[in-house]
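Asker: Here the protein sequences come in this chain order: A and B. Under our numbering, the residues of the first sequence are numbered 31 to 336, in order. Under our numbering, the residues of the second sequence are numbered 13 to 290, in order.
There may be inaccurate statements among the hints.
[As the list claims (entries may be wrong)] Heads up, simulated SDA-like pairs for lysine to any residue below, C-alpha to C-alpha not over 25 Å straight-line: (1) A/160 x A/188; (2) A/160 x B/206; (3) A/160 x B/27; (4) A/160 x B/213; (5) A/160 x B/247; (6) B/247 x A/200; (7) B/279 x B/189; (8) B/247 x A/188; (9) A/160 x B/30; (10) B/279 x A/200; (11) A/101 x A/74; (12) B/279 x B/79.
[To be verified] If the Cβ cut is set under 10 Å, some of the chain A residues that face chain B in the computed set are: (13) 168; (14) 183; (15) 188.
Calculated directly from the structure, the hints in this document are not laboratory data. Ideal Cβ positions, reconstructed from N, Cα and C, are used throughout, including at glycine.
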Amino acid sequence: MTRLIVGRLLFMVPAAFLLVSFLFALFHLIPGDPAVMLAGDNAPRSVVESIRQAYGFDQPLHVQYGRYIAKVAQGDLGISNYTRDPVVNSVIPRIINTAQLAFLSMLFAMVVSLLLGCVSAMYWNRPLDKFVTVVSLLGICTPVFVTGLLGIYFFSIYLGWLPISGMSSWRHFVLPVITLGSFQAAVLTRMVRSCMVDALGKDYITTARAKGAPEFLVVFKHALRNALLPIVTLFGLGLGHTLGGSVVTETIFNWPGLGRLMVNSILTRDLPITQGAIFFFAMIFILVNLLVDLVYAWVDPRIRYD
Amino acid sequence: MTDFFRRYSRDKVGVFFGVLLLLLYGVALTAQWITPADPMAVNLREVFSPPSAKHWLGTDQFGRDILSRVILATQVTVKVTSAACLFAVLTGVPIGMFVGYRGGWIEQLTMRATDMLLIFPIIMLAIVIVVVSGPTETGVIVALGMAQAPQFVRITRGVTLSVKEELYVEAAIAAGSGWLHILARHIWPNISTPIIVQATLTLPVFVLNASALSYLGLGVQPPTPEWGQMLNEAKDHLINAPYLIVGPAAALVVFVLSANLVGDAVKETLNPKLKKRK
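Just chain A, with the same shape it has in the complex:
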C-alpha cells in the first residue's frame, strides 16, 4: 500500500510539470500580443513597450519558459490583471467554496442513488422500478442549468423560500447542492440499480432467502455488500464529474467558487487568473483520481497495482 501511495504521488511531479508547461504554452497560443492584452487595446505604444520589458515578453521563449517554471515552483502564479492581487490569494479561498459544494452534492447524490437504486432493484420490472427508471432517465437528459433555473423560479421567485445566490447561510446551499447533486444522482441511480439487479440474481441471494432472511436484510446486507465494489468505482468517477458540473452550477447561483472564477476570468480576459484556476483545477482532478485509486485498493485487496 505504501509503495502504491508513494508511486502515485511521484507520478504527480511529471504531471504538474507538464501542466505548467501547458499553461505557459497557453499564454502564447492565445491570439494577440500578450503585452497589448495586459496594457489594453488603446494603450500608447510606450506603455505597451514598458510592459513588454517589465514582464520579459521581449526575451527569447526558452528564457521566458525557464522564468515561468521557476516562479511557479516558488508558488508565484502571477498577479491578476484587474485586482492586482496575487493569483494564489484569490484562488485558494475559492477552492474551499467549490469543495464544499462538490462534497455536499456528491453526498446527496450517493445517498439518493443508493436508496433509489436498491429500491428499484427490489421492485425490479414493477411499476415502482419503471417510475424510478423514467425519473432517472429524465434527470440524465436535463442539464444542470435547466434544473437550476426551474429551481430558482419555483423555490426562490414563486414560493420565496430560498435565496437565489450567494453562500452566507445553510439556506443558500439547498438549491445549488440539489441542482448539482440530482444530475449526478440520476446518473448513479441507473448504475447502482443495474449492479444491484446483477447481485440479486446470484446464488447466495437464493440461499439467503431460502434460510428465511427478511427481504430488507437480503437486499441491504447480502446484495449491497457484494455490489459495493462496482458501486465504489462509479462513485469515484462521479466525484470527478461533480467537480466538472460545479463550473456550470456555480455560474447559475453566483457561487464564489473556483469554476465561476475561471469562467469570469476567461470572459474578462484576465489570463493570470485563468492560468491559476486551471492549474488548481487540474491538480484537484489528479489528486481526486489518486484518492479514488487508493480507495479501490483498500476496498478490494486484489487490486494492488504493481
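Dock chain B against the given chain A, drawing on the hints supplied.
Answerer: Same frame as chain A, but now just chain B:
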C-alpha cells in the same frame, strides 16, 4: 441492414423517439424556411410579450420571437455537434488505429497521454481549449471535438488490437502490404461499424456540453441563438418573463432524451443480450 431495421422496429420506445429525433433533424435542416418570424428581427414595441397566438412562446428583451429562435438554435446545435463529432472521429480514430497497429513505445506514450486527459471531465477540457480556439462556431467545434477525441483514441485502439490478430491481416503482411494499406483496406472496414455506432451514441454528450459552453458565455456568441445561451439570457428576466425558459429548455431536454433513447435502442438491437438486464 434491413434485418437491423426489422428488429429495431419492434422496440416501440425506440421507434417513437427515433421519429421524434428525425423530426428535430428535419426542423434543423429546414430552419430558414419554417420559422414563423425572423429570429433576429428586433421589435422594441413587442418586448416581453407573453405567449400568444402571434408569438407561441412569447418574445424576449428585444422583442424577438422565441419560437423562431428556438428553431434556428436547433440548426445551430445540430451543425455544431455534428461537426464536433466528426472532428473527434477524424482526429481520434486515425491516431487510435495507428498506435493500436504499431504498438511499442509510441502506443505506450499515446495511451498514457489519453489516460491523463481522461481524468478531466469533457466540459473542463472544452473550456480550456475554447480559451485558445475562441468562442466562435469553429472554435466551439474544435474545442468539443478535441475534448472528446481521447475517448475515440481509446475505443479505436481497443478494437484495432483485436482485429490486427486476424488471419487476413497476417495474410496481408505476408503478401507484403505496407502498414498504411493494411490500416485502410483491412482494419478500417472491420472496425468502422462499432466506431460509427459509438459516435452516434456520444451525440447527447456533445449536445449537453455544447449548450453548457454557451450557457457559460463561452459558446456561439449572440445574436446567433443557442439553447444554452438563450437560457442564460432568460435567467436575468426570470421574475417578469419566466416563460422565456420554456422553449429552449424543452427543446434541449427533448433532443437529448430522444438521442439517448435512440442510442439505447440501437445498442440493444445490435446486442440483444443487453435487453435482459433492463
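Asker: Each of the hints needs a verdict: does it hold here or not?
Answerer: Comparing the hints with the structure gives:
Proposed proximity of residue 160 of chain A and residue 188 of chain A is contradicted: the alpha carbons are some 31 Å apart, above 25 Å. A threshold of 25 Å between alpha carbons decides the hint, and for residue 160 of chain A with residue 206 of chain B the separation of about 29 Å lies outside it, so the pair is violated. This hinted pair checks out: residue 160 of chain A and residue 27 of chain B have alpha carbons roughly 19 Å apart, not beyond 25 Å. Of the supplied pair hints, the one linking residue 160 of chain A and residue 213 of chain B holds, its CA atoms being roughly 23 Å apart against a limit of 25 Å.
Using a Cα cut-off of 25 Å, the hinted pair residue 160 of chain A and residue 247 of chain B is violated, with the two alpha carbons roughly 33 Å apart. Under the criterion of a C-alpha separation no larger than 25 Å, the hint pairing residue 247 of chain B with residue 200 of chain A is consistent with the structure, at around 23 Å. Taken as a hint, the residue 279 of chain B and residue 189 of chain B pair is broken in the structure, with Cα atoms around 35 Å apart against an allowance of 25 Å. Between residue 247 of chain B and residue 188 of chain A the CA atoms are separated by roughly 14 Å; this keeps the pair inside 25 Å, and the hint holds.
With a C-alpha separation of about 21 Å, the suggested pair residue 160 of chain A and residue 30 of chain B falls inside the 25 Å cut-off, and the hint holds. As the CA atoms of residue 279 of chain B and residue 200 of chain A are separated by approximately 44 Å, the hinted pair breaks the 25 Å bound. Simply put, residue 101 of chain A and residue 74 of chain A have alpha-carbon atoms about 29 Å apart, too far for the 25 Å limit, and the pair is violated. A threshold of 25 Å between alpha carbons decides the hint, and for residue 279 of chain B with residue 79 of chain B the separation of about 33 Å lies outside it, so the pair is violated.
For residue 168 of chain A, the suggested interface contact is upheld, since its CB lies about 7 Å from the closest CB of chain B, less than 10 Å. The closest approach between the C-beta of residue 183 of chain A and any C-beta of chain B is roughly 5 Å, which is under the 10 Å cut-off, so the hint is satisfied. The interface hint given for residue 188 of chain A holds, since its Cβ lies 8 Å from the closest Cβ of chain B, which is under the 10 Å cut-off.
Checked against the numbered hints above, the structure violates hints 1, 2, 5, 7, 10, 11 and 12; every other hint is satisfied.
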